[in-house]
Amino acid sequence: MSEATTDGAAAPGPGRPLTAGLRRPRTHLRLAGALLLLALPFYLDRFWLQAGLFAMAAAIGAIGLNLLTGSTGQLSMGHAFFLAVGAYGYCVLAGESSTQNGHALSGLGLPTWLAAVLAVLLAGAAGGLFSPIAGRLRGAYLGIATLALIFIGQHVLFNAGSLTGGFNGRPVPPFSLFGFTFDDTETVVAAVPFHSFEKLWYAALPALAVSAYFARGVLRGRPGRALNAIRDHRIAAGVTGVPVARYRAGVFVLSSMYAGLAGVLLALVFQRTVPEYFGMVLSLEYLAMIVIGGLGSVAGAVVGAAFVSLLPQVLTHYSDSLPLVSAPGTGGVAPGEASRYLYGAAVVAVVLFLPGGLTRPKKPGENR
Amino acid sequence: MTGAPAALAVRDVTVRFAGLTALDAVSFTVEPGSVHAVIGPNGAGKSTTFNVLSGVYRATSGSVRLGTTELTGLAPHRIAALGVARTFQNLALPPHATVAESLMLGRHRLTRAGFVAAGLRLPSAAREARLHRDRVREIAGFIGLGEELEKPAGTLPYGTQKLVELGRALCMEPQVLLLDEPVAGMTSDERRRVAAVVADVRDGLGISVVLVEHDMGVVMRLADAVTVLDFGRRIAGGTPAEVQNDPAVVQAYLGTDA
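Line by line, the protein sequences give chains A and B.
Here the first sequence is numbered in the numbering used here, starting from 1074 and rising by one per residue.
Here the second sequence is numbered in the numbering used here, starting from 380 and rising by one per residue.
Bear in mind the hints are in silico, worked out from the structure with no lab data behind them.
Every residue, glycine too, gets a C-beta built ideally from N, C-alpha and C.
Errors might be hidden in some of the hints.
Simulated coverage check for chain B against chain A, where a stretch passes if three residues somewhere in it have a Cβ under 8 angstroms from a Cβ of chain A [claimed, not checked]: (1) 428-440; (2) 444-458; (3) 473-484; (4) 498-504.
All chains, please: the whole structure from these sequences, using the hints.
Below you can see the structure in the form of structure tokens.
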């Protein structure tokens, strides 16, 4: 009798057939998470939807930067440049030629889905142009070289008026796919009025899912091993047969394409692209995301992006109810200010106490 | 993999760094399927020799040929593609990656899957990965690492980690294996284990092995031929027995007028 019970307890042994995946709590969690994300537009107001959309776009960009910086050890300060290429590329490719405030804006008027695809490819091509440099420089040296991209980018964005609209920026044509337009016209779904943010949610979510899926495949496969080898021991990677320069260049192009897609999404959420957004601070924010979330993993990039893009907004949103803040202009700490202090403190706390990032609570060196 | 094994011929290789001559017209030949030891006191130029052979350093003059192929001037990954694999004196293993992942890196030159195939998980990439994981398991079994495949390399004892690095080099299916101090810092048990693996590699797989090693016991037991370097020059060469009795070698190790 006792034998029978022990047999029963031992049955789900160490063997891991495919069906076992369905019974793992992790799979359930993921499924629940996906359903929750899909249902959110029915419940959230405009503020939260916008914050969520920013976070998703940022997550895509951060995944790209994490491939380059976290997984390959190549620092880039120029990520904002490629975001700008994606955002403005989409506007130019999809927009119609028009006149605005006396400026002539040129546009190709392509179908918006095609413009989005081409904008991503354009960002990749821009990365490709830079890749002879990206292939030769390593680590922090690349970081310094990519600073140049920010300066060039800012100069072009402010001065190539017919393409970028100068410092006023240019309007972003709403995205449409299969005759469905993700614009501000009201569509009622299940008694919930859908505006642009609700609709864009269902464009951004699959974009993020596909981006994450692809990056994870890259990281777990042959290219990921090569990239990690370049990061961990460049010389050993070379003598083990990894063409170091080619992989550095390749991952730079890939990371630029992720930035391009993030740029397209950001533009669609903003509905207007403005040049000063794509400056150095944006590049630094993306670096903060991957460091805070966890270097070298897709989950780290996504969590870090959510942290960096949501926390300031959340803090600002609720800053009135924070203790010890006073109304603006009365001499105390204003709510906006308080939220910035808290955000700064949170960033320092994470880096100090979770050096591996939010997704890796154990110290490096410990068994994962 | 590439047909008949080829000899590795080093001819008059000189390496200079600014004013310093690290290697001065060094020549030796590694016969196919033999263990060739390169020995010498610290600073003799052994590691420099390895760095030239694997393409990490470029020789100032001279030539290195594998069969009829000139290796000097080639990038490290091209030399690796010709079947030259090496290990490092100080470990070059990522501590967090599992042993299996580290060994799979050795399969890099024999596999094809690129960014797109891996990102989209194309069936071709999956098939390739499966095939090569099987071979990695085989090689791990061959060197006695079958049990450690799923462990992170950093959790293993030092000697085992060095063995993993040797395994990674073997996973490249090399013609020539360059081992930089493979038994340094090991316990005597681990030394015996590595020596047995090296002998198996030569006898069982017909791979030529170039060995830099300070442990004379291991060198004398394993090597078919020995080249002795001192201050960047080749001062002696021959069978282990010949070298042991060479007065120049004794002088280099024990000093003049001792």
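Now for the hints, and whether the structure bears them out:
Requiring three or more residues with a Cβ within less than 8 angstroms of a Cβ of chain A, the coverage given for the segment 428-440 of chain B holds, as 3 such residues are present. Only when three residues or more bring their CB closer than 8 angstroms to a CB of chain A does the claim for the segment 444-458 of chain B stand; here the count is 4, and the claim holds. Coverage of the segment 473-484 of chain B by chain A holds. Counting CB-CB distances below 8 angstroms, 7 residues qualify, and the rule asks for three or more. With a threshold of 8 angstroms between beta carbons, the proposed coverage of the segment 498-504 of chain B by chain A holds, since 4 of its residues qualify and at least three are required.
Violation of the numbered hints given earlier is absent; every hint is satisfied by the structure.
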